[in-house]
Each structure stands twice: as C-alpha cells, then as structure tokens.
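Number of protein chains: 2
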Amino acid sequence: MPRVHNFNAGPAALPLPALERAQRELLDHDGTGMSIIEHSHRGKAFEAVHNEAISLLRQLLDVPDDYHVLFQYGGASHQFAVVPLNLLHAGRSADYIITGGWSEKAYQEAERIGTVRVAGTTEVDKRYTRIPRQEELTLDPNAAYVHMTTNNTLFGTQWHWLPETGDVPLVADMSSDFLWRRIDVRRFGLIYAGAQKNIGPSGLTVVLARKDLVDGGRKDIPTIFRYATHATNNSLYNTPPTFAIYLVRNVLAYTVETGGLDEVERRNRRKAELLYGTIDERPDFFRAPVEAASRSFMNVVFRLPSEELEKRFIAEAAREGMVGLAGHRSTGGIRVSLYNAVEVASVEFLVSFMRAFASRG
Amino acid sequence: MPRVHNFNAGPAALPLPALERAQRELLDHDGTGMSIIEHSHRGKAFEAVHNEAISLLRQLLDVPDDYHVLFQYGGASHQFAVVPLNLLHAGRSADYIITGGWSEKAYQEAERIGTVRVAGTTEVDKRYTRIPRQEELTLDPNAAYVHMTTNNTLFGTQWHWLPETGDVPLVADMSSDFLWRRIDVRRFGLIYAGAQKNIGPSGLTVVLARKDLVDGGRKDIPTIFRYATHATNNSLYNTPPTFAIYLVRNVLAYTVETGGLDEVERRNRRKAELLYGTIDERPDFFRAPVEAASRSFMNVVFRLPSEELEKRFIAEAAREGMVGLAGHRSTGGIRVSLYNAVEVASVEFLVSFMRAFASRG
Chain P
1 MPRVHNFNAG PAALPLPALE RAQRELLDHD GTGMSIIEHS HRGKAFEAVH
51 NEAISLLRQL LDVPDDYHVL FQYGGASHQF AVVPLNLLHA GRSADYIITG
101 GWSEKAYQEA ERIGTVRVAG TTEVDKRYTR IPRQEELTLD PNAAYVHMTT
151 NNTLFGTQWH WLPETGDVPL VADMSSDFLW RRIDVRRFGL IYAGAQKNIG
201 PSGLTVVLAR KDLVDGGRKD IPTIFRYATH ATNNSLYNTP PTFAIYLVRN
251 VLAYTVETGG LDEVERRNRR KAELLYGTID ERPDFFRAPV EAASRSFMNV
301 VFRLPSEELE KRFIAEAARE GMVGLAGHRS TGGIRVSLYN AVEVASVEFL
351 VSFMRAFASR G
Chain E
1 MPRVHNFNAG PAALPLPALE RAQRELLDHD GTGMSIIEHS HRGKAFEAVH
51 NEAISLLRQL LDVPDDYHVL FQYGGASHQF AVVPLNLLHA GRSADYIITG
101 GWSEKAYQEA ERIGTVRVAG TTEVDKRYTR IPRQEELTLD PNAAYVHMTT
151 NNTLFGTQWH WLPETGDVPL VADMSSDFLW RRIDVRRFGL IYAGAQKNIG
201 PSGLTVVLAR KDLVDGGRKD IPTIFRYATH ATNNSLYNTP PTFAIYLVRN
251 VLAYTVETGG LDEVERRNRR KAELLYGTID ERPDFFRAPV EAASRSFMNV
301 VFRLPSEELE KRFIAEAARE GMVGLAGHRS TGGIRVSLYN AVEVASVEFL
351 VSFMRAFASR G
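Protein chains in written order, with the working numbering: chain P, 1 to 361; chain E, 1 to 361.
The following block holds chain P by itself, in its conformation from the complex:
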C-alpha cells in the first residue's frame, strides 16, 4: 500500500526517513549484532543514543544550562498528577488557565492533590473557541505556578503570546505543539510534552525544567514521581522506554539535518496558510469556529454545512488516501492535524480535494 496522507491527531505521522532508518537498523543496531530494543539501558550503545537525543533537544531549542532535559513515561496525563505532586507545596495554591479539554483534565487532577484556582477560562457552553487575553486572567502573585496548555488539539486553538506571570513559574503542557518552532525556554519554569505528536512514538514524555524548581520540589512523595530522582540519574533511574528514545533521536537528528526548527516553522506556517486560506475562501461552505487570532497551526478544526456532508467528506477523503480527518468524538466536525511530519504536499492534496468537494456542494 502506498503511504497515505496521515492527518492523525496523535499518535501521528512521523518523518519517513526517521522510520526508514529504524527499519534498516532494527535487527542490528550500529554493528552490535542485536536490536536497539535488546540493548541494556546501562550499556554504551544505548547510552550514546540517549545522550544524543538529549543533546539534540538542547541544540534545537537552545535549552539554557540551568534547565534539565528529562525523559519521562506516561504521557501528559501522568504529568497532570506529577506536576502538582512536585511543585504544589503544602499551604500553597496553583493557578490553572483553562482553554480546552486537556487543561480541564490537568486542573481536575491537580484538584485531587492540592489547592488550585482557575485563573482564567474561555469556556462558553462547554466549547472553547479562543485563547484568553492577559486582562482576562486573574493571576495570584503568590501562586506556586501557573499552568497552561499551549495548543488545544480538541478545539484547534493555540497561544500565540505568553501570559505575563511575574515571578510565578509558568508550567506548560506543550504536548501538541512542542518543537513546532523555536521558543524561548527561559519564559517557562517547566515544559512537558508527550512525544506522540511532533517528535516520536507514544510512551515517552519530554520535560524541560528549571533546576531550582526540580531541586526545590516536594520530597514527601514517592521517589519515582520526583523530578529530582530522574534529574540526578540522567533519566536512567529506572529502565526508560529505550526504543521510544531511539526513535525520538532519529526524528531529532533528521530535523537538524533538514534545516532545524526554522525550516520546520516555515513549513508549518505554509501548511496552515494553505488550509486556513482554503477554509476562508468558502465561508459559505467551511465554517471555522475558532477566533482568527487563536487559530492553531497544529490542529485545524472546521465544520461543513451538515453532519451528513461531514461524513461524506471523511469517507471520500479516505478513499483518496487521506486519513485522520474526523473531529474528536466530543466535538464532531473535521479536524486536520498538521504536525511537523505532515508534508506540504499532503496539505496541497487535501486543499485541492476540499475545493472540489465544496464545488460539488
């Protein structure tokens, strides 16, 4: 079967050369006579891969020296618990900015662990169609941290500015737009991102964390949940998901080889421009619920005139080799995920299909 156009929301498309490298090397890693999957996490072969992945992340994002780069397991849902377990000290409160289903979940999990406040929400009738403005936030200057979700996969919104939080550390769930472009890591106290959107397979989470936050983290929690445990052991306290780290290494190495994050951003902007441009050409047919200034470059959501047409759209697109276009089961409609590995050519193919579909009505 020829390769499809994969618009999945995550796990999602990965760069073909990174997968081809994995395929080529799968039975014999680097001339060692065994698979990377069969290597000890304490051996030289894996250690080289592990450290290369960390150093590629540092290089791509210019991660400052006073930040740890950690590999964790369990995805964002695990971090929803682990962030407050580490950072929400007794007697303190944390601020959560709610911009979609995932920030709701992060808030609810934190609520089970300590004192939390909603510092702002753009929810209207259980929907979120925009990112809040600074003046809509009521931030507690004494908060332990402010939590935000930089990109909202369900509702197709994305922050294009960062809230001003003064001395309060900003904690960001960046699972769905991590590495979509350069960011200024210094603006954040802690960033976490499940790998399965932009950088690799599911089962691995990258955490960038300011060292003082890690060192000052709560000590009265299980050892395995402490960021400090993983920081002290270079993310090798326990056996990490070695193949996932290997594949992230392949993706990051490929990213560097092909122009780094500037080139990634250029392609991502081009793809979003193509798709939103096509939606905006036919406002009578394609209805984009998201406020223009809050539109996501990663997940583009829109509706057609009827659910009947939406079903037909998804089915016909599938027949032409385009998959992953159904909106989240909680929202319906169409969702097109444009993660880093989705090719510009796939979006060109999609928009020409969209134009033809809209003409046929």
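Please keep in mind that the hints were generated in silico from the structure rather than gathered at the bench.
Take the hints with a grain of salt, since some may be wrong.
Straight-line C-alpha distance at most 27 Å; calculated DSS-like pairs for lysine-lysine [unchecked claim]: (1) P:Lys311 - E:Lys311; (2) P:Lys219 - E:Lys219; (3) P:Lys44 - E:Lys105; (4) P:Lys105 - E:Lys44; (5) P:Lys44 - E:Lys219.
Keeping the supplied structure of chain P fixed, place chain E upon it in accordance with the hints.
Quick look at chain E alone, frame taken from chain P:
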C-alpha cells in the same frame, strides 16, 4: 554483523521472528499505508493489536475471568508506588518479603506511602543467597497484602513455591520471570511485570489483577494512578505505548505458534540444566553462591577464582560473540540471563566456552 548471543539482564534478547515481523511491517502496518507507530490508539488497526495482545496473554496463562489484564507504563519502579497507593488503605498495613535489591526498593517506596512490615528477609551481609521457607515468614493475617518478588535478577534466586498467605492477597513483582512457564494466576491477587525481560521492549508493564481488588482500590489518589481507571477503559484511558504493545503482541503470537508455555518451560529448563550442570562439574573453578533449591532459571550468577579471571572471561566471551555476562554493578561476578528468547544453542555455545576457559585455568 551476525547476531550475537545476548545474555543481557534486561532489556534483553527477543525472539528474532518477532523482531523480523516488526521490521517487515514497520512502514506499512497491515496494508494501511502507515506505521503502527503512526496509528491512532483509538483507531481500528491499533485496537485490533491491543485486544489481540490481551487475549493472547489470557490464553497463555489461562487468566480467569475475574482478573483484569492491564497495560501500564513506567516499569516495576512505578508499580512499587502504585501498588500501595491503590491497595494500602488508611489504617492498614502491608507485608513485604525481602529477597533482593528489587524487593528492598519495593518496600522502601511503600514505606513512603503507608504502614509496611518486613514479613521475612533472607539478607545476610547485604547479600541474598536463598528464598525463605514458609516457617521463616511472620505474616500478619490482617495485612492489606503480601508483596513478593518471584525472581531476583541481581542475586540469581527464584521462588519455586508460593508462600501460604491465607485470605491475604499475594502481590507479586514478576518482572524477571513472567511467562517463563505456566502459573496458577488464582494464587495471586495482583501480578505486575515489566515487559523488558521475557516479553517485549521496555516502557510497558503488564498487570493481572483480581477485579475485587481493583474495584476496592483507594479512590483518594490521582486518577491516572488508579488501576480502576485503566480497567474501566481497557488500558486506553490515556495514550498507551502503542509500539511496545504491538511488539509484545508479536512475541506472544510467536510463543503460541511455537508451542506455548509448555515448550517455553521445556527450553528454559534445558538451558538452566546445561548451565548449572557445567558450573557444578567444576566447583573448584566456578563458585555458585545460591543455595541449590533457590537457584533461578532466569538469571544464573557465579564467580570465578579471581576478579582478574572474571574480567578475562567477560572479555574473551565478548570476542566470541557473547554479551551481557557481567554481574550487576552492585554484586560483581558473572551473571547469565536465560530469558525466554535466549536460544538453547546460545547456552550450548556458552558452556563449551566455559569448559575450555576452566581447563585453561
């Protein structure tokens, strides 16, 4: 490079046909035009793999209907915390039987969470050379559970009987001997096993748990740590490590095709017999510290007359294509891991090398 003889302690050797299948299918899973890694965890293609893996586990171990089969992340170290978080209710105490470094760690993590007792230990001078006898255990009939480690990778011991715990549920860390043969699941309240020894890559943990224990688990803990959360959602509450589950499926399917656990046990017994037989032939040269009745079928540890000879043994074996023979950094000596995927031929090769090495002195 030809395939080496891989005696790694974990991550460890996997069956070559399971890896070859992964390699063949890596770019195009089941004619879908994308990698299994790129499939949504909520799509039909992955769902089929996920459910097949669960059903193969049920079939291989005759898992009774009143037990859940769950996929978790984070390995045994994560379970060290999650077991007491779920099962150690306020006002209760749990019993831990200590037979090596991993049970020590399980105990220490549980101690941070609730009240725990040591119900038995075979530690002498920080070493463990045997499994306790029933009469050495001081079990609390009111304990929330009794925790044991069925096989001890560092010290090379293994339980060949099960402690009688009455109505108290037995919780077993089976990471290093899971599926080495059939077991009677009914003897256990809960079993957990990191995949990276006998059944797959690191990053995935299998949990078999009696439904009443899951249902009665603590509700005042973070949602993601509750077994009940994962049970209710067929281990799809959050994005699971999809490729790890896929590869476990390959290993389990291959196990069934090649004769199931009876054949696995037969081969494992043959391998251990060959290796312990060789050790016992030359007690003047090979010193096996473990009491005969407690010897592990999975990890065989022994010493040579000097550390100098041990270093030479490991280096010469490596030159002949045998890797993973160094003992754990905390114990030294030689350790040979004989997990399911290690071929009888590899052990034959090793023992003939051992005999020649011992003759040379």
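Going down the list of hints, with the structure as the test:
{"no.": "1", "hint": "P:Lys311 - E:Lys311", "in the structure": "violated, 66 Å"}
{"no.": "2", "hint": "P:Lys219 - E:Lys219", "in the structure": "holds, 23 Å"}
{"no.": "3", "hint": "P:Lys44 - E:Lys105", "in the structure": "holds, 25 Å"}
{"no.": "4", "hint": "P:Lys105 - E:Lys44", "in the structure": "holds, 25 Å"}
{"no.": "5", "hint": "P:Lys44 - E:Lys219", "in the structure": "violated, 43 Å"}
In this structure, the earlier hints numbered 1 and 5 are contradicted, and the remaining ones agree with it.
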